[in-house]
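Undergrad: All chains, please: the whole structure from these sequences, using the hints.
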Amino acid sequence: MRTSSKQQLWFKKYAALALVVTALIMGTTKIHTQEKFVKNIVIVHGHYLDASGWKGVYSILTKKGYHVTLVQNPLTSLKDDVAATNNILDNQDGPTILVGHSWGGTVITEAGIHPKVAGLVYVTGFVPDKGETTGTLAKSFPRLPEMRTEAPDKGGFVFYDRSSFRVGVAGELSKEDADFMNASQIPIHKDCFGTPLTEAAWRIKPSYGILTVNDRALNPDLQRSMYKNAKLKVTELKGGYVVYISQSQAVADVIIKASLQK
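Residues in the sequence shown are numbered from 1 upward in steps of one, following this note's numbering.
Among the clues, some could well be false.
What the hints assert, rightly or not - FRET-style restraints, in silico, Cβ to Cβ: (1) Gly-131 to Lys-231: 15 to 25 Å; (2) Ser-140 to Asp-93: 31 to 41 Å; (3) Val-213 to Glu-150: 34 to 44 Å.
Said to hold, decoys possible - List time: in silico EDC-like cross-link candidates among lysine to aspartate or glutamate, alpha-carbon distance up to 20 Å: (4) Lys-139 to Asp-161; (5) Lys-116 to Asp-93; (6) Lys-139 to Asp-191; (7) Lys-130 to Asp-80.
Please keep in mind that the hints were generated in silico from the structure rather than gathered at the bench. Where is the CB? At the ideal position from N, CA and C, for every residue including glycine.
TA: Here it is as structure tokens:
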């Protein structure tokens with residue numbers, strides 16, 4: 001049975017209309033995804049440990065299409081660490097989620113006002129307010145017995161006590177891994193904890209927190225108090241100070257959540 005010329009014309013018009021509608025739907029979906037999805041992730045490590053421990057989180061995120069960059073903090077001063085972070089942020093091609101661990105939480109609190117920062121994620125992180133020092137914040141709750149530091153060396157740099165490093169910092173890891181991390185410590189200059197912040201990015205940016213309930217280096221009660229004060233969206237994990245190593249997937253999941261602004 002032959003199709004009439006009118007029917008053929010109708011089919012062509014219908015097909016063209018269907019293509020237009022499909023394109024519009026796909027385009028709208030794509031735009032909507034772009035508006036919600038923040039692909040750039042910048043991670044700021046804490047004191048005593050460098051960025052290499054974040055390899056697990058990095059691998060998970062990059063396999064999902066994220067562009068991940070890790071800052072290697074000099075830990076010489078708050079100003080220097082913020083400058084190192086801003087340098088990385090300057091080189092991002094768009095909105096970025098800024099992640100900070102421990103002392104890195106202080107750094108992202110200051111650096112997070114950068115215009116490319118779309119959100120913050122604190123991982124066992126300090127969350128000071130404007131005008132506050134990290135040292136004062138740290139002393140607001142009792143120090144746990146496993147939290148021991150050595151006296152500042154001649155250059156003013158502080159190491160975590162070597163003899164209690166594994167139980168205080170890396171209790172979730174194997175002895176071999178903990179021993180290596182202990183031997184490769186990056187000390188922090190004593191003046192870092194005494195420097196008042198001039199900004200508090202969590203006041204103006206969407207912010208998330210990972211609270212580690214088994215932490216022996218940063219009192220979980222202190223974490224809970226800081227996160228409550230900053231009104232962070234909190235995820236509690238049954239982990240310790242290096243939860244980003246022992247529970248990489250759980251930490252990555254929170255970063256992904258922040259990237260979707262949920």
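Undergrad: Now, for every hint given, state plainly whether the structure supports it.
TA: Verification of the supplied hints:
1. For the pair Gly-131 and Lys-231, the supplied restraint of 15 to 25 Å holds, since their beta-carbon distance comes to about 18 Å.
2. As the Cβ distance of Ser-140 to Asp-93 is approximately 39 Å, the hint placing it in 31 to 41 Å holds.
3. In this structure, Val-213 and Glu-150 break the distance hint of 34 to 44 Å, their C-beta atoms being roughly 27 Å apart.
4. For the given pair, Lys-139 sits about 18 Å from Asp-161 by alpha-carbon distance, which is consistent with the 20 Å threshold.
5. About 9 Å separates the Cα atoms of Lys-116 and Asp-93, which keeps this hinted pair within 20 Å; it holds.
6. Between the alpha carbons of Lys-139 and Asp-191 the distance comes to roughly 15 Å, so the proposed pair stays at or under 20 Å and holds.
7. The suggested pairing of Lys-130 with Asp-80 holds, with an alpha-carbon distance near 18 Å, which does not exceed 20 Å.
Hint 3 from the earlier list is the only one contradicted by this structure; the remaining hints agree with it.
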